[in-house]
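Let's have the full structure, built from the sequences with the hints guiding it.
4 protein chains.
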Amino acid sequence: MTDLAAVKTALKTQAVETPSWAYGNSGTRFKVFAQQGVPRSAKEKLDDAAQVHAVTGIAPTVALHIPWDKVDDYADLAGHAEKRGLRLGTVNSNTFQDDAYRLGSVCHPDPAVRRKAVGHLLDCVDIMDATGSRDLKLWFADGTNYPGQDDIRARQDRLAEGLAEVYARLGEGQRMLLEYKLFEPAFYTTDVPDWGTAYAHCLKLGPKAQVVVDTGHHAPGTNIEFIVAMLLREERLGGFDFNSRFYADDDLMVGAADPFQLFRIMCEVVRGGGLTSEVAFMLDQCHNIEAKIPAIIRSVMNVQEATAKALLVDREALAAAQTAGDVLGANAVLMDAYDTDVRPLLREVRDEMGLDPDPLAAYRRSGWAERIVAERVGGQQAGWGA
Amino acid sequence: MTDLAAVKTALKTQAVETPSWAYGNSGTRFKVFAQQGVPRSAKEKLDDAAQVHAVTGIAPTVALHIPWDKVDDYADLAGHAEKRGLRLGTVNSNTFQDDAYRLGSVCHPDPAVRRKAVGHLLDCVDIMDATGSRDLKLWFADGTNYPGQDDIRARQDRLAEGLAEVYARLGEGQRMLLEYKLFEPAFYTTDVPDWGTAYAHCLKLGPKAQVVVDTGHHAPGTNIEFIVAMLLREERLGGFDFNSRFYADDDLMVGAADPFQLFRIMCEVVRGGGLTSEVAFMLDQCHNIEAKIPAIIRSVMNVQEATAKALLVDREALAAAQTAGDVLGANAVLMDAYDTDVRPLLREVRDEMGLDPDPLAAYRRSGWAERIVAERVGGQQAGWGA
Amino acid sequence: MTDLAAVKTALKTQAVETPSWAYGNSGTRFKVFAQQGVPRSAKEKLDDAAQVHAVTGIAPTVALHIPWDKVDDYADLAGHAEKRGLRLGTVNSNTFQDDAYRLGSVCHPDPAVRRKAVGHLLDCVDIMDATGSRDLKLWFADGTNYPGQDDIRARQDRLAEGLAEVYARLGEGQRMLLEYKLFEPAFYTTDVPDWGTAYAHCLKLGPKAQVVVDTGHHAPGTNIEFIVAMLLREERLGGFDFNSRFYADDDLMVGAADPFQLFRIMCEVVRGGGLTSEVAFMLDQCHNIEAKIPAIIRSVMNVQEATAKALLVDREALAAAQTAGDVLGANAVLMDAYDTDVRPLLREVRDEMGLDPDPLAAYRRSGWAERIVAERVGGQQAGWGA
Amino acid sequence: MTDLAAVKTALKTQAVETPSWAYGNSGTRFKVFAQQGVPRSAKEKLDDAAQVHAVTGIAPTVALHIPWDKVDDYADLAGHAEKRGLRLGTVNSNTFQDDAYRLGSVCHPDPAVRRKAVGHLLDCVDIMDATGSRDLKLWFADGTNYPGQDDIRARQDRLAEGLAEVYARLGEGQRMLLEYKLFEPAFYTTDVPDWGTAYAHCLKLGPKAQVVVDTGHHAPGTNIEFIVAMLLREERLGGFDFNSRFYADDDLMVGAADPFQLFRIMCEVVRGGGLTSEVAFMLDQCHNIEAKIPAIIRSVMNVQEATAKALLVDREALAAAQTAGDVLGANAVLMDAYDTDVRPLLREVRDEMGLDPDPLAAYRRSGWAERIVAERVGGQQAGWGA
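Protein chains in written order, with this note's numbering: chain F, 2 to 387; chain S, 2 to 387; chain P, 2 to 387; chain E, 2 to 387.
Keep in mind the hints are simulated off the structure, nothing from the lab.
Owing to the predicted nature of the structure, the values given are computational and were not obtained by experimental measurement.
Errors might be hidden in some of the hints.
Where chains are identical, the list cannot tell them apart; a pair therefore holds if satisfied intra-copy or between any two copies.
Stated by the list, open to error - Using 20 Å as the maximum straight-line C-alpha spacing, the simulated SDA-like pairs for lysine to any residue come out as follows: (1) Lys-205 / Glu-235; (2) Lys-71 / Gly-274; (3) Lys-9 / Ala-321; (4) Lys-205 / Arg-234; (5) Lys-205 / Val-72; (6) Lys-209 / Ala-35; (7) Lys-71 / Phe-31; (8) Lys-44 / Ala-363.
What follows is the structure, given as structure tokens:
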């Protein structure tokens with residue numbers, strides 16, 4: 002039997018971090034379709050993020066991306082966040098857009114480029130000190146496009162060296178989250194292509210180094226919930242970059258492509274104690290053609306629904322069927338939770354939190370969408386700057 | 002026994018079309034790394050293409066992309082090509098970069114957008130009339146990102162209607178080449194995702210409608226040479242967009258990722274009479290991090306080497322082993338051709354064509370690379386304009 | 002607004018055909034784990050199938066596989082079915098288990114083997130005449146394992162010739178359903194690897210030749226609902242072989258791996274009029290480790306639940322959002338149906354049909370599972386005979 | 002510049018282990034096509050393996066599979082091998098064919114089954130003591146077919162426990178090689194699905210635990226040479242199970258599907274010192290439709306050719322181009338080695354070793370193929386016994 006009160010408490014305390022860059026324009030290599038009302042500054046991104054938190058109640062922090070969110074005064078930015086009911090979250094580094102990084106950053110054959118890249122990462126830790134962020138998220142675009150282009154193993158040596166220097170700089174309570182990705186923008190080798198590579202580096206660095214699972218960064222057929230279970234067992238799951246995919250790193254709204262997979266992932270999170278641990282739940286998505294703020298609200302809700310279903314799994318019945326080797330029975334226990342329509346439960350939870358039961362309707366009624374279109378005229382819209 | 006003289010003749014008459022856009026900058030959604038010396042105009046692209054033809058002898062035509070290569074006077078452009086020893090080739094349409102095309106072009110739910118897209122395609126035929134191009138190559142970025150976003154079947158109806166209008170406009174000797182692609186930039190459905198869809202539309206349109214096989218546009222595991230064999234059997238193989246991939250539509254140099262696959266494809270081309278038919282051999286690649294002109298030269302050489310190996314297959318011995326059900330024997334005949342180092346043969350062929358046996362060395366000696374870096378200063382470098 | 006009465010009517014008249022072979026043992030190349038109580042004859046398979054129909058009410062027909070279900074007297078077998086409340090359904094041919102078929106059947110290089118294979122297919126039509134079956138389902142294991150092993154194109158010629166002979170033999174009201182499969186047991190080429198190939202052959206044969214979509218037979222990333230929409234638009238969707246997969250042709254219970262995909266497929270079926278047309282809904286699964294009869298019951302229920310959700314889609318609201326280009330709105334309409342818990346509705350439907358609302362509980366209560374274990378002792382258990 | 006004498010020496014000392022089971026019958030779940038002349042006993046398998054070594058000179062050891070090669074007297078078997086010029090090699094365990102293993106072996110929920118499985122593994126170490134084998138190769142078919150079927154994390158705990166017990170039993174100079182595999186025969190989770198999992202377990206066990214890379218056991222798109230480089234850097238590459246694949250674990254002849262990939266793998270082996278280290282080069286293939294002994298000879302030759310090409314890479318020129326960031330130049334150095342026809346070199350090497358330059362011709366001339374067909378009449382042909 003599931004303890005409904007405990008389920009509700011868990012759902013009320015869950016936190017999903019939204020990424021500042023998802024409020025700006027994004028696109029593919031073919032085209033960025035700019036949208037009206039898009040923020041022109043880090044503060045405006047926070048203003049949008051505040052709308053998401055206001056209606057969902059579970060999106061209290063915002064991830065920054067440096068230099069896209071570079072400001073002169075991070076304390077001022079943190080203050081702006083606070084006024085909006087938010088906190089600044091994970092700091093994301095960028096070592097892929099400077100012209101120097103054509104052949105990599107921390108893995109580049111030229112030590113001067115590696116120096117520059119490590120310097121940027123150290124700067125990011127400075128920013129964390131200023132913002133009070135706990136996590137430095139590292140995603141490296143490093144890799145090669147052609148066989149022979151560079152020495153695979155030497156690049157690992159360089160990577161290890163760079164990571165070690167940054168790790169040593171981390172302060173008390175700060176963490177390094179290392180993200181892996183199968184491919185893109187490198188098309189032959191990627192220097193951190195899978196969880197095994199990220200895990201091997203984290204092991205050597207120490208306990209502050211943790212692996213990030215981006216749900217869109219795997220080879221076809223990869224069982225992501227297995228990886229989640231493994232990393233929780235190894236105490237190396239730092240967090241998630243949630244999004245969804247049909248093909249490659251499509252960066253669609255989390256839960257849009259395979260809601261059953263998201264549920265299975267959340268089941269392993271619950272099973273492994275990840276919901277109450279230091280696992281960071283972050284979105285990392287691109288809203289290329291759909292309205293951005295409602296897409297982010299919907300994504301937060303999708304994570305919440307998957308979590309609710311995972312919490313509703315009858316763990317005792319499941320364990321009993323598993324122990325008995327009852328394949329169909331165990332599967333049925335899991336599916337019973339998945340097939341449940343948790344939307345009424347979540348409306349209740351929101352009601353108890355003093356929120357509108359329907360976040361999207363609340364957002365629509367707020368007039369924010371119309372207001373930003375009207376007010377954000379002129380200036381340079383935020384985007385990836387690719 | 003292979004007739005070496007016939008092989009040489011075939012190699013001398015082979016033609017590989019290079020794409021104007023490959024001479025300009027390209028990149029990923031993360032970053033375009035601009036290169037020095039990149040052309041600023043359609044004419045400068047032709048100047049670069051002329052270098053490729055000068056050293057390889059088998060790249061006499063250049064594909065245009067409209068509007069990237071839009072000029073006021075196409076006769077003048079054709080004249081420039083002719084002065085450089087080139088001809089203008091396939092006209093490629095672009096219905097993915099106008100803001101109107103956020104939700105598609107010829108498949109868009111709004112008839113006004115469809116009208117605009119078809120109008121562009123008709124303009125492209127006008128350009129073909131002016132340039133004397135035979136082929137209109139159609140690649141549609143059309144598709145959807147989310148389940149339910151649009152009606153899959155209605156989009157096919159719109160596609161069929163648009164194609165029919167353009168088909169009707171084709172002049173004597175002109176063709177429509179319809180390209181398919183599994184995904185990107187659409188991430189849920191793509192309106193022409195596979196050869197079956199392209200084939201079904203071409204069938205209904207008529208004999209001037211032919212399928213284009215882009216070697217990077219398939220799902221993992223797809224046997225491309227099988228598709229080539231099928232389309233040749235159906236007399237619907239219009240041509241190739243050559244490139245290579247490890248993951249998705251990586252657009253690396255053809256032959257760089259899987260040279261054995263390229264050989265197998267060329268074997269089916271030879272087997273199906275495609276070398277002497279109307280099949281167009283085109284490159285469609287992105288040289289994001291490597292020098293562009295030598296990359297294109299290398300790509301042309303890679304196609305040539307694969308063709309040479311395919312021509313060297315002992316067809317009689319192969320047929321005998323196949324008929325006898327000799328699995329290992331038949332495979333060995335094929336591998337024997339593949340394992341042959343055809344570079345000496347190609348040096349001979351080039352020598353007989355009055356060319357330097359080593360095209361890349363010849364290009365390096367030409368000083369062109371240094372000259373364009375020195376001369377092409379200022380102005381707007383060509384690129385995708387994404 | 003959805004018409005609930007119409008939804009119920011559609012659900013009551015839906016029919017899912019179960020395959021005789023799913024009641025027998027199956028496994029992988031590594032091991033077949035035999036189960037207790039498995040049928041020893043075609044009649045015992047029908048006895049089991051009758052249990053599935055008895056509790057679900059929508060599984061009235063059973064597919065035969067020849068020679069696995071070869072009997073001396075098919076009229077007698079049909080009579081046995083009738084006594085059990087069933088009818089004999091699709092006849093499935095087998096041209097992959099005779100020693101002669103090592104290198105293929107209808108595509109084999111040796112005309113004598115092709116003759117033998119076509120002879121078997123013609124025998125299958127004789128059986129259809131005797132059983133009153135409408136559909137002949139053709140799946141060919143034909144293909145090659147090594148490049149060069151056989152001539153890809155010549156195999157297509159042989160395939161076309163063989164199919165034509167069988168097609169000519171079909172009687173009034175009989176159909177040929179041609180199935181495609183990416184790979185396995187052939188590992189380099191497969192002679193009917195994709196819907197395009199099956200479609201091309203069906204087109205030439207005539208209207209009685211239709212394509213079968215086995216949901217486990219695609220390359221990773223293939224959008225199956227797109228293919229369903231295409232084939233319905235072309236009036237060439239003969240039916241489904243339902244099952245589910247995480248990796249290859251895993252043959253798990255339909256709906257077990259990706260219930261959202263199954264829903265999307267059923268949405269296209271409903272959209273394209275496939276629910277009321279001649280589309281055959283068949284299961285083709287392997288219950289290697291789980292109890293077979295309850296697994297089949299569960300599979301039938303999974304198809305039913307997906308169908309119910311697809312029927313619940315608010316088509317008007319969907320069309321309105323699609324026409325308006327409202328990406329999130331259109332997606333939300335679809336997801337609203339998917340997120341609905343349709344189990345209460347289906348319990349109602351079953352109640353109205355005079356069935357137990359819970360088919361699995363009804364089956365458990367029936368004592369059938371225990372009875373067959375007790376009674377089916379000795380003899381040769383049914384299996385694939387590989 | 003490459004030192005040709007050193008290359009030849011390396012090629013002469015390379016050893017490729019052939020698997021006893023490849024000489025027996027194998028097939029797919031659909032059909033095992035038995036071949037004439039197939040061995041009926043472990044000794045007859047060794048007789049066949051001796052033919053492979055006789056003509057290639059580099060296949061001196063044979064891997065055993067228990068219980069397929071179970072004999073009463075392993076010393077006698079080792080003596081038989083010695084008389085044939087062979088040694089017994091790696092011992093492969095089998096915990097997937099007993100009826101008890103339906104839901105797994107060392108990861109099974111029932112401790113009694115785990116006990117049985119560990120007992121078998123300990124027996125295998127006993128056999129190693131008797132045969133003098135260095136390596137115990139562990140491949141576990143363990144996994145689940147349905148979400149919820151068993152607890153992913155608990156299965157890891159059980160796996161760790163079982164491995165620890167076996168590891169503790171290893172004698173001086175003995176090793177445990179842990180193999181990973183993406184899927185099959187389990188279709189939802191596999192308990193050791195990737196190199197990261199195998200590596201994590203080996204790390205905890207100790208230095209005698211090493212990872213085995215089976216080239217057919219990865220998700221589509223996985224860069225295997227990257228994994229090889231990683232494992233060599235971590236000193237955890239125990240060996241290879243060579244074969245090749247187009248789709249899944251196709252188990253075709255190594256080098257048949259992607260010879261360029263095999264070359265890249267061997268390049269990393271050479272680069273990482275794997276050729277002269279304790280890395281075991283083993284074949285693990287199925288010759289389902291082709292003649293087995295010549296297929297194995299060809300496979301050994303394919304490994305040898307790839308190794309030769311890898312040894313021919315101009316490492317100095319490569320390093321220079323890599324350091325200079327010369328993408329095309331570095332790639333060209335690699336391709337130059339790959340494009341070389343190494344067959345003349347290998348004929349020389351064989352001649353210097355006192356062998357026929359053409360192993361397949363030598364085998365054909367030996368009359369062995371005809372002899373075993375004539376002599377091996379009656380008895381039970383070896384196979385997987387699935």
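Going through the hints against the structure:
With identical chains, the CA atoms of Lys-205 and Glu-235 are at most 20 Å apart both within one copy (13 Å) and between copies (11 Å). In this assembly of identical chains, Lys-71 and Gly-274 lie within 20 Å of each other by CA distance neither inside one copy nor across copies; the values are 35 Å within and 45 Å between. Proximity of Lys-9 and Ala-321 under a CA criterion of 20 Å is satisfied in neither setting, with 25 Å inside one chain copy and 36 Å between copies. In this assembly of identical chains, Lys-205 and Arg-234 lie within 20 Å of each other by CA distance both inside one copy and across copies; the values are 17 Å within and 13 Å between.
In the homo-oligomer, the alpha carbons of Lys-205 and Val-72 never lie at most 20 Å apart, since the shortest distance is 34 Å inside one protomer and 45 Å across protomers. Taking the closest pair of Cα atoms, Lys-209 and Ala-35 never come within 20 Å of each other, the shortest separation being 38 Å inside a single copy and 38 Å across copies. Taking the closest pair of Cα atoms, Lys-71 and Phe-31 come within 20 Å of each other only across two copies (18 Å); inside a single copy the shortest separation is 27 Å, beyond that limit. For the identical chains of this complex, Lys-44 and Ala-363 are neighbours neither inside a copy (22 Å) nor across copies (56 Å), given an alpha-carbon limit of 20 Å.
Checked against the numbered hints given earlier, this structure breaks hints 2, 3, 5, 6 and 8; the rest are met.
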